[in-house]
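Number of protein chains: 2
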Amino acid sequence: MRSQVVDAYTTSLQPPARIFDRWLAARLQRAIAPAAVRLELWDGSSPYSRDMSPIGSVLVHDRAALIGLIVDPDLWFGDAYTAGRLDISGDLGTVVEALTRATLGTPTWRERVRGALERPNSFTHARRNVHHHYDLGNEFYQQWLDQDLVYTCAYFEDPQMGLEAAQHAKFDLVCRKLRLQPGESVVEAGCGWGTLALHMARKYGVHVKAFNVSREQLAYARDRARREGMTERVQFIDDDYRNVRGEFDAFVSVGMLEHVGLHHYQSLSDVLRRAVRRGGRGLLHFIGRDAPRPLNAWTRRRIFPGAYAPTLAEVATRVLAPSGMSIVDVENLRLHYARTLAHWRARFKHAEEQIRARYGANFERAWELYLAGSQAAFSTGWMQLFQVVFVPLETAPPYWTRAEMYAESPKWAG
Amino acid sequence: MRSQVVDAYTTSLQPPARIFDRWLAARLQRAIAPAAVRLELWDGSSPYSRDMSPIGSVLVHDRAALIGLIVDPDLWFGDAYTAGRLDISGDLGTVVEALTRATLGTPTWRERVRGALERPNSFTHARRNVHHHYDLGNEFYQQWLDQDLVYTCAYFEDPQMGLEAAQHAKFDLVCRKLRLQPGESVVEAGCGWGTLALHMARKYGVHVKAFNVSREQLAYARDRARREGMTERVQFIDDDYRNVRGEFDAFVSVGMLEHVGLHHYQSLSDVLRRAVRRGGRGLLHFIGRDAPRPLNAWTRRRIFPGAYAPTLAEVATRVLAPSGMSIVDVENLRLHYARTLAHWRARFKHAEEQIRARYGANFERAWELYLAGSQAAFSTGWMQLFQVVFVPLETAPPYWTRAEMYAESPKWAG
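Going down the list, the protein sequences come from chains V and G. The working numbering numbers the first residue of the first sequence as 1 and each following residue consecutively. The working numbering numbers the first residue of the second sequence as 1 and each following residue consecutively.
Keep in mind the hints are simulated off the structure, nothing from the lab. The structure presented is a predicted model; accordingly, all values stated were derived computationally and were not measured. Misleading hints may appear alongside valid ones.
Chain V stretches covered by chain G per the calculated footprint, using a threshold of three residues with CB under 8 Å from any CB of chain G [to be verified]: (1) 230-238; (2) 315-321.
Selected chain V positions facing chain G (Cβ under 7 Å, derived; list incomplete) [as the list claims (entries may be wrong)]: (3) Pro159; (4) Met161; (5) Gly162; (6) Thr380.
Built from N, CA and C at the ideal position, the CB exists for glycine as well.
Please take these sequences and the hints and turn them into a complete structure.
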């Protein structure tokens, strides 16, 4: 299916690879040596010389792409793949995962410089960044997310359960960890298409104020609230989470922290201090890392502007401690995110032609790579998914043991 | 029972309190205002003037003690209580908890200076510090710990269960979190009287190397291993954890990190990097804090030299991240430590006379206060108790969901 795009390059009149090209290719091949992925140049030549037969190939279609991969692989791999100047033969997911494993390591100087040059998310920037990603059109996401449009890590109580059920289970997990009681008030920062807010109100009987700055998502969420008769209990607010006012029994944020950016953890911390009443509790669900490191440059530039996946320590030190919050419970669900992404990729693949027809081949390739790369990041342990439960100082944890945390789930009730 | 000690002071010929004494007392009373604890001077005078009747009193028996409480309350409260120059009427635990709540806050300049002046634990210091606390004599601990001499936070699956059962449940919790399999190898850093090591070997069929530098504890542990026929499977090693050699399936340390000291987290991190094989996992169980802060000065000077209770972020940043470990699961069991301490205090109270007869009244009072203060610290949220499970980078977490973590417990099997 990819051949139309690729052909434009493979059939272009590239001169045969010269000695210099082959020297560069050999260097690149060494850099990804542990991966058993064959590098192949535009004239079919390859420096791959291992006994092991390769699990797949990276086909580089022109010299500029080859040089880009040497000079700035983080950015160029994605850009060249998007443009069809680089292709992958074999299973995309397998090859991307192998390349991810092969290049796990400490940050390069380039990453550090890029990280240091990041600019804070002002209110305007925050809106623009969110718009870049989430306002691509609900129809786009409808083609490959679950029916409720949940764009965060699911929770597969049983590894074989379907995506819809697993997203449902994730929301229940969040609600159980928060021990929501009927009549309580909840504030949600970054509510996506509103599924969690509606779930909490419907199933746990709480009142929710849900914040978001994505217009498309809000319109969709409000419409659902109307259709489900939930407008009394769920208020969708078109505003930045930093403008949350009032005190609540619970604070919840699923998949927003990644977009906040380190520079703004202090404001998030201020929000928590103001918003969570004594005796209340909160939950942060976010993509994280083991050690501080900027996101992959390509992801940050092309897919998620302004995004940063923090370490647990950064969240503890910059968000929770300054707001006087005490950590009660942390769970790392990275393998569940890898599985979630496998589901999304299968659906994406299924809708590939429509997506290409509507958004163009480059867009489709960029997203295909982004989803495969994300799955690889979570399955290798390159990225983590943390759920953190916290309470204000002097407030008792919401459960004596975890047995209570899981008591309301049919799965756990025994 | 306390009267013999106290009488020596109350009957001493202290002059009546002067204007200056009363001014100091009023200042002190204001500092503990939220506590509803009455301050009383040696002549019976008191600045307590609230409508609420006090929950108890702090009786200051001489001027020097009063001045000490103003100048350096962290250190003097404990020292004056130990020496019988200060006494508490009403329930000790209730009063100490109220005082703890009233003085929760940000670190004073005195604490910061003290923290900065802390000296690292050299191998020699480490031995000396451990000796100071743990080699008081096994008989001392036998008088108030459980029958297996477990001197760390227990896990009360049911809040009403007894201490022995709860310590047993704690060890099972640790083993389940580590998912120990028969035949696996485990290294334990800081093994106390050997109960966990023997439990792991007996119940989970693993081979254990357990390190400790407390001679008295080791002698006791080795004797138990012999009596239980476990010498083949459990090796008790008289050495510093920093000298751990070899690779293991699991690393475990329960209640040792508090004695390591921030300056040595790098060496602990090096040990983890060396000792945990790929595919392995580890668990750290330690007293922690929400924000960095030295331990109470008195506790550090009189009870636990060299001790420091880290934040989760400090452990993540200085121990786990540099060793390439990924955090899988964190549980805060602070209320379980408060309950454990309530059990210890009840037993201590029961053995009070024998302890006083053997170790002296001051010693008995110091420990009585230390146990009450610790219980207050955990029940108020002043201190935390973290269990952290981790795996080396690229190693999958040991469970798909927590259901597997708890599957082997009869309590959880449903």
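Hints, one by one, checked against the model:
1. For the segment 230-238 of chain V, the stated coverage by chain G is violated: 0 residues have a C-beta nearer than 8 Å to a C-beta of that chain, whereas at least 3 were required.
2. Look at the segment 315-321 of chain V against chain G: 4 of its residues bring a Cβ nearer than 8 Å to a Cβ of that chain, three or more, so the hint holds.
3. Because the closest C-beta pair between Pro159 (chain V) and chain G is about 6 Å apart, less than 7 Å, the hint holds.
4. Contact between Met161 (chain V) and chain G, as hinted, is not supported at the beta carbon level, the nearest pair being about 11 Å apart and thus beyond 7 Å.
5. This hint is violated: Gly162 (chain V) has a C-beta 16 Å from the nearest C-beta of chain G, more than the 7 Å allowed.
6. Interface hint status for Thr380 (chain V): upheld, as the beta-carbon distance to the closest one in chain G is roughly 6 Å, under 7 Å.
Of the hints listed earlier, those the structure fails to meet are numbers 1, 4 and 5, in rising order.
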